[in-house]
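**Q** Each chain, written out:
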Amino acid sequence: MIKLTSICLALAFCLMSCNGAQTQVDDPKIFTLQPFNQNAFIALKQQKLGVRWLMVVWSLDCPACFKELALIQKLQKATPNTALNVIYINADDNIDVAFERKQVLAVYGMQNVENFYFTDGQADRSRYLLDPNWYGELPRSYFVDEKGVFHGKSGLLDEVLISNWLLDK
Amino acid sequence: MMNFKKYINLITVVSVIAWLPTSQAMIAGHDHQAMMAKQEKATFDNKCKNAAIECAKTVTSAFAPNGDLWRLWVSNERLIAQISQDNGETFSKYKVLAIPAEKISARNENRPKIAFDNTGGVYLSWAMAREKKYTADVRFSYSHDYGKSFTKPITVNNDKLLAGHSFNEMLVSDKGDVSIVWLDGRIAHQLRKQGKKSKGSAIFLARANVKSTNNNNPAIFTNQLLANDTCVCCRIAMDFNQQGELAILWRHIYGDNIREFALLTLNQNEDKPKQPYQVSYDHWKINGCPHQGGAISVDEQDRYHMVWFNQGDVGKGIFYASSGDQGKTLTKPISVGDLSSQASHPHLNKNNDKIDIVWTQFNGMEHHLMHQRSFDNGKTFSQAAILAKAKNGSDRPFIIKKGNVSYVSWQRPKQGHWIKAL
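One line per chain: the protein sequences are A and B, in this order.
Its first residue numbered 1, the first sequence is counted upward by one per residue in the numbering used here.
Its first residue numbered 1, the second sequence is counted upward by one per residue in the numbering used here.
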């Protein structure tokens, strides 16, 4: 199992980084990608009230973010019967990276989970809306408890911490 | 039920934003706003087809020795430049520089650089993204005729590896001696190939004098390792000291992901670089990307003035300090800006008897370009003042110098480039 997971991870990294146009996802179908704004945030929090979830903010310019995406992907693969309650936000507020963003979502198996992105030129506004005490360092993760209280942490998360939070251990 | 604190200590609790009601009036208002936004977008997109500066995320500015102000940005993989002969009041028609299109990095901390010599030479360096994620080469091109023509771009890093080489900074002496530093991933690349773990990037220095070079006789840059284990995503800062030596400030990785600033002077009488001095002690532990480098300016008495940003257990926010002995000892850091207003991205310059610091703040709706000045060599600073505002996002601000006058260059995406004398 560990070996299989390693192979999957290696393949995912290769798709991300080996970048040859042939090896990349040409037209990734992302079904749940929407702009992050106040209404979306309110709706999201309302929808999630009563359950525990994880919000992960990532960027194309952040190598540690990809490690975190890979950790969550690995956990999801290890628990195929449990849909992990994770919401992703891409912090690249740049219209030029739309395709690259979708490629990442496809590579890390995030096509069918809820994804948001900061709209062009709105990174700071979106960040402020999310958390006025966050200064843009990445990855940034929020552990949201059943009462809707956000616990923010900057930097790559520990694998055990992710697992314990999402699997309610 | 799991107690979250059982697992993690370094956590901030964010208050939950109150639900907001939605009314029909708000919806109608939104429709009108959406229509207006669509029209604005169409106008903006049309401008961007023509490489308008408003469309750029980043702008690089510098004064040439003849007093011209150059500003530089990237559009459709080309370098675009404009010149102002009245300190930024008006600019010439923009010019697409005679350099073939390539994937020029121009966002956040990573952007092209421009410098000049005193005989009409124009020097450009940038990072060119390669075919693999997080790989790039540092590129260089030179114009001997003040920008009319440029040499064919060459790659500055000499390792020929598909690895990270970016976040380039460049200084050029009056005589045309070029110094380029950058964050280099060649050591990490080799370690990974050996199955070993790496810690961040390294800083390399390239040097050359290119004035006698041309396309048939291209420049050859030396490559020298200056430091290993540096942050991978924060810009480097560099200035000449009074001996013409390079003083370099960067975000280093100490111990287990403690991100602090380090300072190194490349003394002329030393064969190899000495150990850099640690100059910040804010204890920011993060296995990630701060995306915030520092700034350095050396004055006529060889005092090094520095600003940086940290979010550590000990120090949070922007700090200013100076050193009279190349970083061995430091003045007590002074806090700058309003942390609760997202004070970040500081830059500074020492010019005669004045030290100017600029940075940005954000109030949830708009960015403010902030400024404060010291007349007593950094002992005290004036009250912070707002210089300008941006409504659609903000680039990092930079102070550039023309003789005794300092100017602030601040790109405001979708709004316009702002430049004014301090």
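Derived by calculation from the structure, the hints in this document are not laboratory data.
In this text, a Cβ means the ideal position worked out from N, Cα and C, and glycines have one as well.
Errors might be hidden in some of the hints.
Listed below are several chain B residues computed to face chain A (Cβ distance under 10 Å; list not exhaustive) [as the list claims (entries may be wrong)]: (1) K113; (2) Q190; (3) Q194; (4) H291; (5) D313.
Taking lysine-lysine pairs in the DSSO-like style, the calculated list, with each CA pair at most 27 Å apart, reads [unchecked claim]: (6) K197/B - K153/A; (7) K77/A - K197/B; (8) K133/B - K67/A; (9) K389/B - K420/B; (10) K274/B - K67/A; (11) K153/A - K48/A; (12) K74/A - K103/B; (13) K67/A - K379/B; (14) K316/B - K153/A; (15) K160/B - K103/B; (16) K153/A - K199/B; (17) K197/B - K274/B; (18) K132/B - K77/A; (19) K175/B - K67/A; (20) K148/B - K67/A; (21) K285/B - K74/A; (22) K197/B - K74/A; (23) K389/B - K354/B; (24) K74/A - K193/B; (25) K77/A - K175/B; (26) K113/B - K379/B; (27) K153/A - K328/B; (28) K29/A - K389/B; (29) K29/A - K132/B; (30) K211/B - K160/B; (31) K148/B - K47/B; (32) K197/B - K113/B; (33) K152/B - K175/B; (34) K196/B - K77/A; (35) K74/A - K132/B; (36) K74/A - K113/B; (37) K67/A - K196/B; (38) K74/A - K199/B; (39) K354/B - K379/B; (40) K414/B - K67/A.
**Q** Against this structure, judge whether each hint is valid.
**A** Here is what the structure says about each hint:
1. For the restraint placing K113/B at the interface with chain A, the shortest Cβ-Cβ distance is roughly 18 Å, beyond the 10 Å limit, so the hint is violated.
2. Given the 10 Å rule on beta carbons, the hint for Q190/B is violated: about 16 Å separates it from the nearest Cβ of chain A.
3. Using the Cβ-Cβ criterion of 10 Å, the hint placing Q194/B at the interface with chain A is not satisfied: the shortest such distance is roughly 16 Å.
4. Given hint, H291/B at the interface with chain A, holds; its Cβ is 6 Å from that chain's nearest Cβ, closer than 10 Å.
5. Checking D313/B against chain A: minimum C-beta separation of about 12 Å lies over 10 Å; hint violated.
6. As the CA atoms of K197/B and K153/A are separated by approximately 24 Å, the hinted pair is consistent with the 27 Å bound.
7. Proposed proximity of K77/A and K197/B is supported: the alpha carbons are some 25 Å apart, at most 27 Å.
8. For the hint pairing K133/B with K67/A, the CA-to-CA distance comes to about 13 Å; that is within 27 Å, so the pair holds.
9. Of the supplied pair hints, the one linking K389/B and K420/B holds, its CA atoms being roughly 13 Å apart against a limit of 27 Å.
10. Distance check on the hinted pair: K274/B and K67/A sit about 34 Å apart at the alpha-carbon level, beyond 27 Å; violated.
11. Straight-line distance between C-alpha atoms of K153/A and K48/A comes to about 19 Å, which keeps the hinted pair within the 27 Å bound.
12. Note on K74/A and K103/B: the hinted pairing is violated, with a Cα-Cα distance of about 32 Å set against a maximum of 27 Å.
13. Note on K67/A and K379/B: the hinted pairing is violated, with a Cα-Cα distance of about 44 Å set against a maximum of 27 Å.
14. With a C-alpha separation of about 15 Å, the suggested pair K316/B and K153/A falls inside the 27 Å cut-off, and the hint holds.
15. Distance hint between K160/B and K103/B is fulfilled; the C-alpha atoms sit about 18 Å from each other, no more than 27 Å.
16. The suggested pairing of K153/A with K199/B holds, with an alpha-carbon distance near 21 Å, which does not exceed 27 Å.
17. Between K197/B and K274/B the alpha-carbon distance is near 25 Å, which keeps this suggested pair within the 27 Å criterion.
18. Straight-line distance between C-alpha atoms of K132/B and K77/A comes to about 26 Å, which keeps the hinted pair within the 27 Å bound.
19. Distance hint between K175/B and K67/A is unfulfilled; the C-alpha atoms sit about 46 Å from each other, more than 27 Å.
20. At roughly 45 Å between alpha-carbon atoms, K148/B and K67/A are farther apart than 27 Å, so this suggested pair is violated.
21. Distance restraint check for K285/B and K74/A: the Cα-Cα separation of roughly 25 Å lies within the 27 Å cut-off, and the hinted pair is therefore satisfied.
22. For the given pair, K197/B sits about 20 Å from K74/A by alpha-carbon distance, which is consistent with the 27 Å threshold.
23. Our distance criterion of 27 Å between C-alpha atoms is met by K389/B and K354/B, whose separation comes to about 24 Å.
24. Taking the CA atoms of K74/A and K193/B, the gap is near 23 Å; set against the 27 Å cutoff, the hint holds.
25. Among the hinted pairs, K77/A with K175/B is inconsistent with the structure: their alpha-carbon atoms are about 60 Å apart, more than 27 Å.
26. The straight-line distance between the Cα atoms of K113/B and K379/B is roughly 32 Å, outside the 27 Å bound, and the hint therefore fails.
27. The hinted pair formed by K153/A and K328/B fails the criterion: a straight-line CA distance of about 33 Å is larger than 27 Å.
28. For the hint linking K29/A to K389/B, the alpha-carbon distance of about 39 Å lies beyond 27 Å, and the restraint is violated.
29. Using a Cα cut-off of 27 Å, the hinted pair K29/A and K132/B holds, with the two alpha carbons roughly 22 Å apart.
30. Only pairs whose Cα atoms come within 27 Å are accepted, and K211/B paired with K160/B is accepted, the gap being roughly 24 Å.
31. Distance restraint check for K148/B and K47/B: the Cα-Cα separation of roughly 25 Å lies within the 27 Å cut-off, and the hinted pair is therefore satisfied.
32. For the hint pairing K197/B with K113/B, the CA-to-CA distance comes to about 32 Å; that exceeds 27 Å, so the pair is violated.
33. Distance check on the hinted pair: K152/B and K175/B sit about 21 Å apart at the alpha-carbon level, within 27 Å; holds.
34. Simply put, K196/B and K77/A have alpha-carbon atoms about 26 Å apart, close enough for the 27 Å limit, and the pair holds.
35. For the suggested pair K74/A and K132/B, the alpha carbons sit about 23 Å apart, so the restraint of at most 27 Å is met.
36. Distance check on the hinted pair: K74/A and K113/B sit about 40 Å apart at the alpha-carbon level, beyond 27 Å; violated.
37. At most 27 Å may separate the alpha-carbon atoms for a hinted pair to count; K67/A and K196/B meet this at roughly 16 Å.
38. As the CA atoms of K74/A and K199/B are separated by approximately 23 Å, the hinted pair is consistent with the 27 Å bound.
39. A threshold of 27 Å between alpha carbons decides the hint, and for K354/B with K379/B the separation of about 11 Å falls inside it, so the pair holds.
40. For the hint linking K414/B to K67/A, the alpha-carbon distance of about 33 Å lies beyond 27 Å, and the restraint is violated.
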